[in-house]
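*Asks:* Using the sequences and the hints, build the whole thing.
Going down the list, the protein sequences come from chains A and B.
Under numbering that gives the first Met the number 0, the residues of the first sequence are numbered 0 to 344, in order.
Under numbering that gives the first Met the number 0, the residues of the second sequence are numbered 0 to 344, in order.
The set of hints was computed from the structure by calculation and includes no laboratory data.
Fair warning: there could be bad hints in the mix.
These stretches of chain B come out as covered by chain A in the derived footprint (C-beta under 8 Å, 3 or more residues) [stated by the list, open to error]:
1. 201-208
2. 229-242
3. 285-292
Cβ coordinates follow ideal geometry from the N, Cα and C atoms, glycine included.
As a plain string of letters, each chain reads:
Number of protein chains: 2
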Amino acid sequence: MTDPERVAVLAHEKFPDRSKTANGILRYADREVVAVLDRVRAGDRVHDHLPDVQDAPIVADFEAALATAGEIDELLIGIAPIGGGFDDTWRPDVRAAIQAGADVTAGLHYSLNDDPEFADLAADHGVELHDVREPPADVGVAEGRADEVAADVVLTVGTDCSVGKMTTTMELAAAAETAGVDAAVVPTGQTGIVIEGWGTAVDRVVADFTAGAVEEMILEVGDDHDLLLVEGQGSIAHPAYSAVTCGIVHGARPDALVLCHAAGREAVHGYESTPLPPVGEFVDRYESFAAPVHETEVVAGSLATHDIDDDTTAREAVGRFGEQIDAPATDPVRFDATELLEVVA
Amino acid sequence: MTDPERVAVLAHEKFPDRSKTANGILRYADREVVAVLDRVRAGDRVHDHLPDVQDAPIVADFEAALATAGEIDELLIGIAPIGGGFDDTWRPDVRAAIQAGADVTAGLHYSLNDDPEFADLAADHGVELHDVREPPADVGVAEGRADEVAADVVLTVGTDCSVGKMTTTMELAAAAETAGVDAAVVPTGQTGIVIEGWGTAVDRVVADFTAGAVEEMILEVGDDHDLLLVEGQGSIAHPAYSAVTCGIVHGARPDALVLCHAAGREAVHGYESTPLPPVGEFVDRYESFAAPVHETEVVAGSLATHDIDDDTTAREAVGRFGEQIDAPATDPVRFDATELLEVVA
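*Replies:* What follows is the structure, given as structure tokens:
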């Protein structure tokens, strides 16, 4: 994977509330974001919406980004709709990026490289199309060996999609770096892969290889570090994505779990007729599910409080969450990930 | 899918104890098995090992099968090793089959159609290669709609792989036919697909689409029948395959579960260092896992007793199993599936 300097991030009509990948790039990736593309927020700046990440202008399309930024090395697709498809209204931006000599990176189920127009155009302009969700060809069935590595393995799990599993993983990694703990992130989804520059999109592998895909990554790096921070996916109670969640829990054989939740979330994101079970139940749901393969426990909680305006109310929500799961809890973005790190490391 | 009359079934070195697909074909498929290929049992007959299925000679290779049978329409690969690879020692038989004008059908992760030698040879001889595990291209994310169909949905679940989920599904279908109940099988694995002539190998779809693949099949046929018998896969406590199991449980939204177990099984098949949890625990494991998405319950048990010699001991084992899971139980192969059908239909 190339490591370009100046990137534009596409997040049409979804920034910032439904642009998880874009937000992760702005917050954690080692890139300079020169523009965010969102046609309904053009003219705003990132800081108008997300004050605590790197700032950039929001523009209507790639041409406007180029006019503003002068030079752009890469266009990153920063949104992933349910189903992972490609929205054809993005096509002019991808086309313009390729024509301007920028690589294009996407974490969709849709393959840019298999799109005849994009493939031809990329060949003509000598740019690369990166489909980071495309798994390696040699992923296979789990052998049940992830617990053999030297590192402690910590897995983030959640009550739902989009509750901060990737974010918590990245915040723990940053806290570990600050504390001098030799930790590595094991990225299992498109945003983590873009940020870390390696990893396997576990939701994209053959279903039989779900556990094997995460086991393979853990075996690859687990003897080179003291702590592995494995990015979880989905939720054990999710109508569509529980397969991926469950495969990761059994494949990773984690020593400890960090349970992630979003304050105020009461139904499954995108499946509003399915209420979430009580938050406290998730502790036993994950622990008892994991136990026959590898005993583990929820040692800490991470609560996303971005929908709560004031810190006092957020502190109260974190306190209640900690009581519900009977474990130390915080919001690692709003407050400090150090206390989570101290529990897991 | 073609529906050939005379088939040979490859089961080298694995018949009958590790040849689940071959046994399923012999027991349930609407085909005439003219030979079983197993080089270590050549000279025996199927009835020497499995007295209650259709009989056939066991031969060393495809040439011998042809010499015995005269004409063969299709070679079925009747074994699926852990990982689903192609064993290169089978290559001469596949080659000989194609050269003799026989189609070849396999349910491996390995694609016969992507093997250059087989693809070229098949084109030369005008035969078809069927990779039944290859999922349809349009499978997607579950919408949470499987409970909308008119039919009652019954799902077989298990304590492990190879405990009789496919067999129980087929026995229930046969009992339903006898009883005049309009039932259809929803096949989720290679053997079921070969037997039924349709279906999706759920373990082979993109992990994110596991629940969606089974939902799609249920929506396809669920309004045309009174009862759907969904073939489960793997186990909720399996180190490698739990992802597929869990996706099917949430995707199928079953009205009832039939818990399958093999008498005497104490550790996970192929993962002998992982003991099975107590059998009785599986009832709550499956029910509590399913509940947040769709409430269901284990209404009956199916115990594979083929490793027990006498019927009296088998009856006792079935009785103990029924007590452990607090539900009516039987061995539908050894005894009678009618009592299971009465509970679920």
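*Asks:* State whether the coverage of the stretch 229-242 of chain B by chain A holds or is violated, taking the criterion as 3 or more residues with Cβ-Cβ distances under 8 Å.
*Replies:* It holds: at least three residues are needed, and the stretch 229-242 of chain B offers 8 whose Cβ sits within less than 8 Å of chain A.
*Asks:* Counting residues of the stretch 285-292 of chain B whose CB is closer than 8 Å to a CB in chain A, do you get three or more?
*Replies:* holds (count 5)
*Asks:* Okay, the stretch 201-208 of chain B and chain A, do three or more residues pass the C-beta test at under 8 Å?
*Replies:* Per the Cβ count (8), the hint holds.
When each numbered hint is compared with the structure, no violation occurs for any of them.
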